[in-house]
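Chemist: Please build the complete structure, drawing on both the sequences and the hints.
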Amino acid sequence: EAGVAQSPRYKIIEKRQSVAFWCNPISGHATLYWYQQILGQGPKLLIQFQNNGVVDDSQLPKDRFSAERLKGVDSTLKIQPAKLEDSAVYLCASSNGQYNSPLHFGNGTRLTVT
Amino acid sequence: AQRVTQPEKLLSVFKGAPVELKCNYSYSGSPELFWYVQYSRQRLQLLLRHISRESIKGFTADLNKGETSFHLKKPFAQEEDSAMYYCALLRAGSYQLTFGKGTKLSVIP
Numbered sequence: 014e015a016g017v018a019q020s021p022r023y024k025i026i027e028k029r030q031s032v033a034f035w036c037n038p039i040s041g042h043a044t045l046y047w048y049q050q051i052l053g054q055g056p057k058l059l060i061q062f063q064n065n066g067v068v069d070d071s072q073l074p075k076d077r078f079s080a081e082r083l084k085g086v087d088s089t090l091k092i093q094p095a096k097l098e099d100s101a102v103y104l105c106a107s108s109n110g111q112y113n114s115p116l117h118f119g120n121g122t123r124l125t126v127t
Numbered sequence: 081a082q083r084v085t086q087p088e089k090l091l092s093v094f095k096g097a098p099v100e101l102k103c104n105y106s107y108s109g110s111p112e113l114f115w116y117v118q119y120s121r122q123r124l125q126l127l128l129r130h131i132s133r134e135s136i137k138g139f140t141a142d143l144n145k146g147e148t149s150f151h152l153k154k155p156f157a158q159e160e161d162s163a164m165y166y167c168a169l170l171r172a173g174s175y176q177l178t179f180g181k182g183t184k185l186s187v188i189p
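In the order they appear, the protein sequences are chains A and B.
Under the working numbering, the first residue of the first sequence carries the number 14, and numbering increases by one thereafter.
Under the working numbering, the first residue of the second sequence carries the number 81, and numbering increases by one thereafter.
Don't read these hints as lab results, they were simulated from the structure.
Where hints are given, some of them may not hold.
Unchecked claim - Below, a list of computed lysine-lysine pairs in the DSSO-like style, where the Cα atoms sit at most 27 angstroms apart: (1) Lys28/A - Lys96/A; (2) Lys89/B - Lys181/B; (3) Lys95/B - Lys184/B; (4) Lys181/B - Lys153/B; (5) Lys57/A - Lys96/A; (6) Lys24/A - Lys184/B; (7) Lys91/A - Lys181/B; (8) Lys153/B - Lys89/B; (9) Lys181/B - Lys75/A; (10) Lys102/B - Lys57/A; (11) Lys184/B - Lys57/A; (12) Lys95/B - Lys153/B; (13) Lys57/A - Lys91/A; (14) Lys145/B - Lys102/B; (15) Lys57/A - Lys84/A; (16) Lys91/A - Lys28/A; (17) Lys57/A - Lys24/A; (18) Lys145/B - Lys57/A; (19) Lys89/B - Lys57/A; (20) Lys24/A - Lys96/A; (21) Lys75/A - Lys96/A; (22) Lys184/B - Lys89/B; (23) Lys95/B - Lys57/A; (24) Lys57/A - Lys153/B; (25) Lys181/B - Lys137/B; (26) Lys145/B - Lys184/B; (27) Lys91/A - Lys75/A; (28) Lys137/B - Lys95/B; (29) Lys102/B - Lys89/B; (30) Lys153/B - Lys184/B; (31) Lys137/B - Lys184/B; (32) Lys145/B - Lys96/A; (33) Lys24/A - Lys181/B.
Said to hold, decoys possible - Label-pair distances were calculated between CB atoms; the ranges are: (34) Arg123/B - Leu83/A: 23 to 33 angstroms; (35) Lys96/A - Ser120/B: 22 to 32 angstroms; (36) Leu97/A - Gly138/B: 37 to 47 angstroms; (37) Gly66/A - Ser132/B: 28 to 38 angstroms; (38) Gln63/A - Gly109/B: 14 to 24 angstroms; (39) Glu134/B - Ser31/A: 39 to 49 angstroms; (40) Glu159/B - Pro74/A: 39 to 49 angstroms.
Think of the CB as a built atom: it goes at the ideal place given N, C-alpha and C, for glycine as much as any other residue.
Modeler: Take a look at the structure:
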């Protein structure tokens, strides 16, 4: 099966600019996650979707981050305006939605904010 | 709130030596524990989970609720085991995984 696809792989922007990341999960996977991984840290959940509805966005900095999954398939994560501390790898993951099912991760987008 | 602690940032062992990657957690309920691995230039992937009680690539992990630990072990390290290993906890009834900071395992030939 095709894996989770993410683009772009790398992005460099200046602070206060905006940026968007795209994710296409594994076909048929109802649950989609966005994680932020800062250098030297483990992944931290930003938002979780079940189909096109948000299940958990408690750790999403909503003043600058937004995410959508309008048709319940692919998803976009946006940062506007970006701050230096947003420099990280943004990982998308999907699962079949069953409790305890494994997460399948994409390759991630490495964001550098200068 | 739950927390996952991996006390070692880097662990270096010689090929053929035993490996133990430590993971401790704090959570008041009954957690589900996982180990994820990221090999060089590859994506993060599930290695094993405690409910499966299985051995994957020679690795095993036992959940010790008394010590709140879920250490990953392998009796004889191989060079291909060199990777970044993350311990993760799933709260009961939740879909949210909490990851540790990871341990980089380096197997010296």
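Chemist: Straight-line Cα separation of Lys181/B and Lys75/A no greater than 27 angstroms?
Modeler: holds (24 angstroms)
Chemist: Below or equal to 27 angstroms on CA atoms is what counts here, so check Lys145/B against Lys96/A.
Modeler: violated (40 angstroms)
Chemist: So the hint says 23 to 33 angstroms: do the beta-carbon atoms of Arg123/B and Leu83/A match that?
Modeler: holds (25 angstroms)
Chemist: Check the following: the C-beta atoms of Glu134/B and Ser31/A are separated by a distance inside 39 to 49 angstroms.
Modeler: holds (45 angstroms)
Chemist: Keeping to a limit of 27 angstroms between CA atoms, is the pair of Lys57/A and Lys96/A held or broken?
Modeler: holds (17 angstroms)
Chemist: Can the restraint linking Lys24/A and Lys181/B be considered satisfied, given a maximum Cα separation of 27 angstroms?
Modeler: Distance of about 24 angstroms is within 27 angstroms: holds.
Chemist: Given the hint that Lys181/B pairs with Lys137/B, test it: the Cα-Cα distance must not exceed 27 angstroms.
Modeler: Cα-Cα ~22 angstroms, so holds.
Chemist: Between Gln63/A and Gly109/B, is the Cβ distance one that fits in 14 to 24 angstroms?
Modeler: holds (22 angstroms)
Chemist: Going straight from one Cα to the other, do Lys153/B and Lys89/B come out at no more than 27 angstroms?
Modeler: holds (16 angstroms)
Chemist: Holds or violated: are the alpha carbons of Lys137/B and Lys184/B at most 27 angstroms from each other?
Modeler: With Cα atoms ~17 angstroms apart, Lys137/B and Lys184/B stay inside 27 angstroms; holds.
Chemist: Given the hint that Lys57/A pairs with Lys91/A, test it: the Cα-Cα distance must not exceed 27 angstroms.
Modeler: At roughly 16 angstroms apart (the allowed maximum being 27 angstroms), Lys91/A and Lys57/A satisfy the hint.
Chemist: Just to be careful, I want the Cα atoms of Lys145/B and Lys184/B compared with a cutoff of 27 angstroms; is the pair within it?
Modeler: holds (25 angstroms)
In summary, the structure is inconsistent with hints 23, 32 from the numbered list given earlier, while agreeing with the others.
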